[in-house]
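Q: The residues making up each chain are set out below.
Number of protein chains: 2
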Amino acid sequence: MALIVQKFGGTSVGSIERIEQVADKIKKFRESGDDLVVVLSAMSGETNRLLDLAKQITDTPVPRELDVIVSTGEQVTIALLAMALIKRGVPAVSYTGNQVRILTDSAHNKARILQIDDQKIRADLKAGRVVVVAGFQGVDEHGSITTLGRGGSDTTGVALAAALKADECQIYTDVDGVYTTDPRVVPQARRLEKITFEEMLEMASLGSKVLQIRSVEFAGKYNVPLRVLHSFKEGPGTLITIDEEESMEQPIISGIAFNRDEAKLTIRGVPDTPGVAFKILGPISASNIEVDMIVQNVAHDNTTDFTFTVHRNEYDAALKVLENTAREIGAREVIGDTKIAKVSIVGVGMRSHAGVASRMFEALAKESINIQMISTSEIKVSVVIEEKYLELAVRALHTAFELDAPARQGE
Amino acid sequence: MALIVQKFGGTSVGSIERIEQVADKIKKFRESGDDLVVVLSAMSGETNRLLDLAKQITDTPVPRELDVIVSTGEQVTIALLAMALIKRGVPAVSYTGNQVRILTDSAHNKARILQIDDQKIRADLKAGRVVVVAGFQGVDEHGSITTLGRGGSDTTGVALAAALKADECQIYTDVDGVYTTDPRVVPQARRLEKITFEEMLEMASLGSKVLQIRSVEFAGKYNVPLRVLHSFKEGPGTLITIDEEESMEQPIISGIAFNRDEAKLTIRGVPDTPGVAFKILGPISASNIEVDMIVQNVAHDNTTDFTFTVHRNEYDAALKVLENTAREIGAREVIGDTKIAKVSIVGVGMRSHAGVASRMFEALAKESINIQMISTSEIKVSVVIEEKYLELAVRALHTAFELDAPARQGE
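Quick note, the sequences are listed as chains A and B, same order. Here the first sequence stands for residues 1 to 411, numbered as in our numbering. Here the second sequence stands for residues 1 to 411, numbered as in our numbering.
Note that these hints are calculated values from the structure, not bench results. Mixed in with the good hints there might be a few duds.
Claimed, not checked - 30 Å max Cα-Cα, derived DSSO-like pairs, lysine-lysine:
| no. | chain 1 | residue 1 | chain 2 | residue 2 |
| --- | --- | --- | --- | --- |
| 1 | A | Lys55 | B | Lys165 |
| 2 | B | Lys120 | B | Lys55 |
| 3 | A | Lys55 | A | Lys110 |
| 4 | B | Lys110 | A | Lys55 |
| 5 | A | Lys165 | A | Lys55 |
| 6 | B | Lys55 | A | Lys120 |
| 7 | B | Lys320 | B | Lys28 |
| 8 | B | Lys320 | B | Lys233 |
| 9 | B | Lys110 | A | Lys120 |
| 10 | B | Lys87 | A | Lys110 |
| 11 | B | Lys120 | A | Lys110 |
| 12 | B | Lys55 | A | Lys27 |
| 13 | B | Lys120 | A | Lys28 |
| 14 | B | Lys233 | B | Lys27 |
| 15 | B | Lys233 | A | Lys55 |
| 16 | A | Lys87 | A | Lys120 |
| 17 | B | Lys388 | A | Lys55 |
| 18 | A | Lys120 | B | Lys120 |
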């Protein structure tokens with residue numbers, strides 16, 4: 001008999017009908033004999049409705065009070081699901097973050113979990129109950145309600161699984177697993193049976209938005225097997241787990257991630273003196289603009305070029321800051337480009353295989369796609385290319401790294 | 001410097017604009033130097049919305065889970081008001097029933113308050129904060145959220161005032177006080193400056209729906225001065241307090257209450273044997289039908305007539321039960337009437353004044369109003385009359401007991 005933590009997101013509990021469907025699903029699981037702890041988000045739209053109420057009072061609500069309001073969203077869904085389960089003859093009980101006691105720090109609106117009291121939950125499981133827990137929320141040492149920030153329900157699921165030493169944490173979403181790349185771009189994209197935490201982190205941060213990054217970090221840290229599944233379709237989903245020996249035998253590359261939300265900024269002819277990178281990026285970060293890729297090449301004629309990418313929404317703001325900086329440090333010019341895309345190959349396999357990057361560059365060259373920037377990590381190679389080539393590049397790489405699904409019989 | 005508990009109901013916090021108005025009001029109070037604890041209901045309509053969600057899952061929701069859902073209504077308003085106060089520069093903090101720790105029994109949906117922990121609130125008051133508490137809710141010894149049942153926010157206000165030994169508990173409503181009778185029926189009705197707890201109980205239970213009965217009982221028991229005021233109009237309201245000596249000097253009758261929600265049932269020709277009242281009312285009460293007035297006259301020819309009133313909505317059900325009983329006990333017939341009204345005169349003064357009842361009957365006789373039933377208590381005389389005479393009766397009694405407001409100058 002296994003202990004499973006299951007997390008259902010806002011769209012999975014977005015209406016009474018959906019909640020009834022989730023209850024049916026849980027009843028079936030329960031009949032298979034597993035112990036179940038279910039973590040829920042608020043009904044989709046509810047958190048925004050609550051935030052909007054607060055916004056009507058003030059644009060700068062006190063974080064403590066905002067958490068009191070926002071946390072009511074999950075409080076409603078957990079009780080609705082518990083009712084729906086009991087109606088089906090499945091013993092169930094709901095707990096808010098405070099009732100479980102999910103102890104967090106006092107960083108309201110973005111609190112971090114410090115400790116979870118598993119006593120009540122264990123007693124309920126022992127008594128044969130399904131335990132339904134409000135995601136996204138906890139309580140600080142003063143008894144004030146806290147929230148973990150948007151998407152924090154995934155983190156609640158993983159943290160509960162870690163505290164209870166659950167056999168698996170299942171995250172139910174609107175996709176049936178993690179794919180080698182976006183199936184809308186590459187129809188041959190395949191669902192991965194398995195992926196490592198590290199790969200998942202790279203895939204997620206690069207734009208394959210399936211899981212909240214923090215929950216993956218957490219799962220990796222505490223080695224909680226994480227499974228992504230579809231809320232209302234059958235299927236094994238994708239298991240996210242540690243990098244065991246056997247995964248070395250997997251393909252070199254697990255997937256192709258991409259992102260067209262970025263814009264590129266280059267400051268040219270920067271006098272090559274120590275501290276220049278800080279002089280350039282300091283004012284950007286002081287303006288609360290997040291920087292993704294950074295490339296600085298070796299100096300040439302005592303000046304250097306410095307390029308970085310930011311979110312496309314922050315391009316104008318970044319450009320303004322950078323032009324000021326250019327004047328101050330005596331750089332030659334600032335140029336920018338919003339029509340770029342980032343494509344990355346991700347895989348723990350590349351650690352033990354040379355030549356992965358060159359195989360990537362070769363595949364792009366074959367399609368005459370010019371590479372504007374390159375950055376690499378242990379398990380990832382990212383390139384920036386002209387946006388219009390994005391789909392072509394992803395398809396070419398998907399084929400080059402042998403990720404395409406075999407054509408089905410009859411096709 | 002006084003300590004005041006103020007309770008605002010659902011319509012007083014029914015919109016963001018209303019909440020802002022309440023915040024303005026509280027800021028003004030605060031500036032006068034009093035310590036304030038504010039108790040809030042859910043925004044009007046919100047509790048029904050939440051109940052409806054639960055009803056969509058099941059018609060028989062588990063009471064524990066229903067409380068989890070319904071209690072979110074107040075949780076939202078307390079934080080919104082705290083935000084609105086802080087925006088105005090008034091330090092404030094919100095607490096749910098659980099956070100205060102309002103300990104109740106485990107009778108979900110209709111819990112009773114057992115104990116209130118005043119530590120946190122006292123510390124906040126000392127620190128100069130306005131404390132905003134969710135009405136209507138508490139927590140049981142197992143940490144489960146409970147609710148006190150509809151209208152329970154008044155009770156929370158009174159219980160907090162008792163626990164904190166507050167100087168006054170102010171209940172803000174949509175009327176500016178307690179009147180000698182309904183001003184829509186008698187334009188000369190006057191607002192009472194003062195009324196005793198006992199009188200208020202009789203007035204409330206007889207249909208002058210200003211305060212929740214339970215909160216008045218509670219206030220009387222713990223001797224908490226209770227004041228009814230209008231949420232958004234200035235004025236002293238009505239003070240509900242103990243029956244002090246001076247109140248003996250007040251008019252004999254404080255007010256005229258009435259009720260047209262009742263129906264009358266009579267079972268005739270009942271064999272006059274011991275236990276007959278139980279034989280008649282036992283089945284009624286077993287059908288969960290509440291009985292108000294009961295009149296049995298002396299027997300005549302070894303049979304007796306037995307009359308009682310029920311809520312008009314339950315007339316048909318009660319009639320059916322009574323007809324069965326009549327067959328079983330061999331009564332002659334059952335008759336009923338839904339076109340009745342009850343009129344009561346209420347006042348502690350009548351204890352020390354003889355002839356109050358006869359003065360009432362005289363006033364009604366003068367208008368040729370026939371009295372169908374009479375019942376009396378220490379501080380109340382009620383009669384049942386034909387419904388069409390209700391307004392006439394109330395006006396006649398209001399004048400007979402000298403309750404009419406003096407005509408204003410120029411009128």
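Q: Each hint should be assessed against the structure and marked as holding or not.
A: Right, here's what the structure says about each hint:
no. : hint                : verdict
1   : A:Lys55 / B:Lys165  : violated (36 Å)
2   : B:Lys120 / B:Lys55  : violated (36 Å)
3   : A:Lys55 / A:Lys110  : holds (18 Å)
4   : B:Lys110 / A:Lys55  : violated (34 Å)
5   : A:Lys165 / A:Lys55  : violated (40 Å)
6   : B:Lys55 / A:Lys120  : holds (28 Å)
7   : B:Lys320 / B:Lys28  : violated (58 Å)
8   : B:Lys320 / B:Lys233 : violated (48 Å)
9   : B:Lys110 / A:Lys120 : holds (25 Å)
10  : B:Lys87 / A:Lys110  : holds (22 Å)
11  : B:Lys120 / A:Lys110 : holds (25 Å)
12  : B:Lys55 / A:Lys27   : holds (20 Å)
13  : B:Lys120 / A:Lys28  : violated (45 Å)
14  : B:Lys233 / B:Lys27  : holds (16 Å)
15  : B:Lys233 / A:Lys55  : holds (27 Å)
16  : A:Lys87 / A:Lys120  : holds (22 Å)
17  : B:Lys388 / A:Lys55  : violated (52 Å)
18  : A:Lys120 / B:Lys120 : holds (26 Å)
The structure does not agree with the numbered hints 1, 2, 4, 5, 7, 8, 13, 17 stated previously, though it agrees with the rest.
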